[in-house]
Amino acid sequence: MALLGRFLSPRITKIIGSQARQLSTSSSRQNVDRPQFPGSRSEYSTKLEFIKPDDFKGIPVYRVMNAKGEILPGGLDPKLDKETVQKMYHSMTLLNTMDRILYESQRQGRISFYMTNYGEEGTHIGSAAACDPQDVVFGQYREAGVMMWRGFTLDQFMNQCYGNCEDIGKGRQMPVHYGSKDLNFVTISSTLATQMPQAAGSAYALKRAGKKLCVICYFGEGAASEGDAHAAFNFAATLECPIIFFCRNNGYAISTPTSDQYRGDGIASRGAGYGMDTIRVDGNDVFGVYNATKAAREMCVKEMRPVLIEAMTYRIGHHSTSDDSSTYRKKGEIMSWDDQSPIHRLRNYMENQGWWSDEQESAWKEKSKKKVMEAFARAEKRKKPNPEMLFTDVYDEMPPRIQKQMEFMKSHCTQFKEHYPFDDHVPMT
Amino acid sequence: MSWKFLRCLQNARFLKKNLETSLSVHRCVSVQYVPDTISAAHGETTRMNLVQAINNALDIALSTDPSAVLFGEDVAFGGVFRCSVELKDRYGRDRVFNTPLSEQGIVAFGIGVAAMGSTAIAEIQFADYIFPAFDQVVIPRGPHQAKGLLLSCIRDQNPCIFFEPKILYRSAIEEVPSGDYTIPIGQAEILLEGDDVTLIGYGTQIHVLREVANMAQEKFDVSCEVIDLRTILPWDEETVINSVKKTGRCIISHEAPITMGVAAEIAATIQDECFLNLEAPVMRICGYDTPFPHVFEAFYLPDKWRCLEAVKKIVNYG
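Note that the protein sequences, when read in sequence, are chains A and B.
The opening position of the first sequence corresponds to residue 1 in the UniProt record's numbering, with each subsequent residue numbered one higher.
The opening position of the second sequence corresponds to residue 1 in the UniProt record's numbering, with each subsequent residue numbered one higher.
It is worth saying that the hints were derived from the structure and are not from the lab.
It is possible that some hints are incorrect.
What the hints assert, rightly or not - One-sided and incomplete, this derived list gives chain A residues near chain B with beta-carbon spacing under 8 Å:
| hint | residue |
| --- | --- |
| 1 | V186 |
| 2 | A205 |
| 3 | G227 |
| 4 | N234 |
| 5 | T238 |
| 6 | P399 |
| 7 | R401 |
Note that the coordinates shown come from a computational prediction; the quantities given were computed from them, not determined experimentally.
Even for Gly, the Cβ is constructed at its ideal location relative to N, Cα and C.
Extracted from the complex, chain B is given alone in its bound form (with noise of 0.2 Å):
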């Protein structure tokens, strides 16, 4: 069974008509995409952007399992993002189709159709809305991980909740493998190896992170250690253990509400396990306690700023 939920974002209806723009069109704080290196393993590829890439997913999933269906609010025209367009022309209106507007019943017709063993991918159209049961999350970085990670979740056994950053439906392109091929769920990706500091995100923060890494770098001559998280639940441990044990200094980074965020329960768990190694506290830099403001937004989000000032503090702690 699984679950694909969207993550809200401001104005992200009314996106701008060039598509390779950066990130900093939609949103008050610039982000430099970077796009991902595929392995020539995976064989041909195509470019695409995240929308793209779920479309992609979701075209490959249903063709290969004629069990599965798509539903949810205004999916059958092709979605308001566009994720699911020409999948009703191609696998028929029983297959992907509109449901009325109800987020409670969407979560749970799909959960009524997994039970018959038929797989469901229900889509939420604004992640804001809902949060009813969820086993596994899951949240791609950018176009090749949103494939991989989402067949992933169609094909897992377990119900899924795959949050898309729709900041970087369009902005966020690159080569992604043409074929079928999936990312294991539950495993973390070391982005940039170091050896000073370790920063921790998931989602579009680690583009935010990436570009922390290089700077701190450049201006303190510190060598961070980037770790995209990709799954939140069942978090993977052990890559995040073994790089804090290294490093000795952790940083986590969401744009979520600090308190009882992921990077509180992240934290706890660094400060157990790597109780020895810590030369620093453990620092969370993530959104302030407060609904997700309009005209703030530049003030609220854990830009890259913060998180360079969190590397300044963490390196000079004592």
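One chain only, chain A, in its complex shape (with noise of 0.2 Å):
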């Protein structure tokens, strides 16, 4: 054992110890017959029983405040500041104008494309505020809040959904796909789930480097449905990788509702097939998302193991500006979740301790509305970049092949100058 130990990592060993330890005293024990199969720790049975789901309650919803904003009976009250709780809500409320704003610039076609955050803002600022700013940030594309909590501005976010000059993403990408190395928030990409692994192996990577920090991977349920998460989820396992997977099931995919996505209970009932602690909690109340993410983090930085936390919320605005939900919901439905928002239940808890008033909230969301504005018309202003950078950064060093496609367009494009959009960019060297 002792020489096996050698290999192994106190967890598997404490297991294959346990084992052996079982294993010795059935065969005490007279005629008791054990599997002795690689693949499986368990015993016979001679019944013939299949293990049926309902079987099994479904996992409860933790949460700590009611939608009053009352913290609960029983409930743990994170006992946090006056100021990181106004934070919270600044954030949340900032994040929420943001949105409408520019949600409205995409009706009117001054942006291409976006994806608001209503009724998840809760889920975002809770699971941030929770982890250590320097932990390494994978997300779907539901995210912003996260990069809000972190300090991204709103200078930056609006400067990618324009794709200007300013834009760290040089304006490749879509509106949404921020990222942001300073914030250790990897670029969002919109093929779904592929960020898992890729959040496993970061997360492989940082435990190999020391550091005590972990890795965060956002993902809606539709997207858990891809073979990637089952490879990140089986990987981080294995690995033993310190990574927190944090889903957000807000109950559609686009259209698809969650009866048409799962079976199971939920995402959260996959975890312990997967050999993670897992928890499931109440996606607008933002201190159960706090306190759930801060046990998380704690066991995957001190035992070096993934956690899986499903949060449950519902999708308040439409899938994106490319989409109708009202064709496949009713407004009614939307309505009653409107009122339990995370952002309400956070603005009674903080009426409740007498941290804020209505004339704090109707001056604030006059400030919050001019800073936005003020960005937004920042944005607009600047040029897009300059059109040779479509050819950078595919390498690390442009090829010659590619070197040679960027002269063409050069050329070409200075011959034909009258039919390209040369007064949006910045000039060609």
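Build the complex from these two chains, which are given one at a time in their own frames, with help from the hints.
Right, dumping it as structure tokens:
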């Protein structure tokens, strides 16, 4: 055992150790036959019995605060100070204001695309606040609040959506595909769930680098149906990666309700199957999300293993500006969720504490709207990047073949310049 | 970031005991492997087959870069082709390890490792299984190249797919420099100089083309220039174009199916760049547009006779 133990992590040794003990105890009893299959650890049974999903009660939804913003009996108040709670509220509402303005700007054709975060602001802010700012974030596309919390500026959001010359991403991706190396937020890409096994790999690298950090990987319940989600869960568990898988279960994947997405008990019920500690949390309760994420983070970093959090919430807005959700759900359904929104709930809590008033609310609304509008105007005025940027960063250095294509583009566009939108762009060299 | 992908071949798991056999043992078509000549500048050399050269390159990569990790299906015990033999014992189970059986997982996990600035060497057991994302594609023709190109791939700043011709794993044996060295990515190599026809290929097919060049000289008194592409993407246009401008005739050959194969891209570029120099249409001698067959392999492959017939046609064109 000692020799074997040298090559195994303490956790695996423990499991094997306990199995070995069980085996020796049972063999000392008379004729007790135990399965020796390497692929499982359990006992024999002569009962022909299938495990039924209905045999298990659904995994409960953890929360600490009700819709009135009251800490429930037995609920753990994280006792965040006034300043932190106000920052949470500011971030959630500023995101909400930015969403409204950018959504409208897409309707007016000023940006090509947008996705709002309505109803899910609590999952973003609660989880982001519980993480270390150095923890690495991999997201799907509806996690702008995490960046907002970490300090991505309104100008940076707007520059990306406009794809202007100040955009960190050089205007190459569609709107809301944010990323920031400074804020440890890995750039969003459209293909669903591909970030999940990547996040596991990054968590493995962080572990090897001896950093006391974790990765938090966000995804929707629809993306969890992808093969990549399976790969990610299994890799993270077998390779013991410090990663929080954070599922936003908002009831819909575009038009597809969860009843068409899965038949098990949501995403959380899959966690144990992969050998991961799992919790389901009320995604509209920012403190519930905060507590769950904080505890998960501690397990990740201390014990070097993955944890799964499923945050139950509701997608109040349309899927995107290319979607009209009234074609597949009733208005009343949305209204009932609007009242329960994480923003209302946190405001109630703050008012209960005497930390917020109607005056503060209207002053903040005014101020935040002004800030958003100013950033919006600045972003709109900026030129688009130099068209040569189309060819850079494909490789770290431009191969001759691409160089040639760039030269062709330049000479062609100069020759036919009246047909190309040069005025919108920073001039070519 | 680097990827190491392997190319599939029937029965490759069950190779015969005798390591120094000709390639015909494992294939219906006989190919003569010609060892590379190593310049004295490289210093001390060791006789290695392609597997040993790969293993040696990985060993050097792991020893010179503490962030480098090697992973994939069955890598820990040495790999089903023995390319990672002894590396786990030498560098520890956190650096050389098995993953669950999932190609999408392996590649994405590698991207994640690399995103943190570490070096990820991912192995895909059979190349037939995956093409999820690639920037650079590199294929060596023998042990000496395999080691130098693989080390370049591992150290390159771009994601890279490295295809290992499994037929050459044990059959290609030559002197390989013992130390640390690299062969540049993106550069083709002129193996044989010639004036009449340019023959272009990569991997195992290079050995076919070299033999074709010899046969063409003997039988038709035709002088062929043989170019090993080595890097498929981004490929060395300049070397190819200069050669075709000189010879005026070009045959491109690869095992993969003809439609939308690498040869199509090269042929289109040649007609674009060398139109006035061409004295015959660019010819492609490739696999047929069918799945790779079992018992019909000898009929499927673009062997030396098919290539030789092409040489005959191209010099008699018009």
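A quick look at each hint next to the structure:
no.	hint	result
1	V186	6 Å, holds
2	A205	4 Å, holds
3	G227	6 Å, holds
4	N234	5 Å, holds
5	T238	6 Å, holds
6	P399	4 Å, holds
7	R401	5 Å, holds
Every hint, counting from the list given before, is met by this structure.
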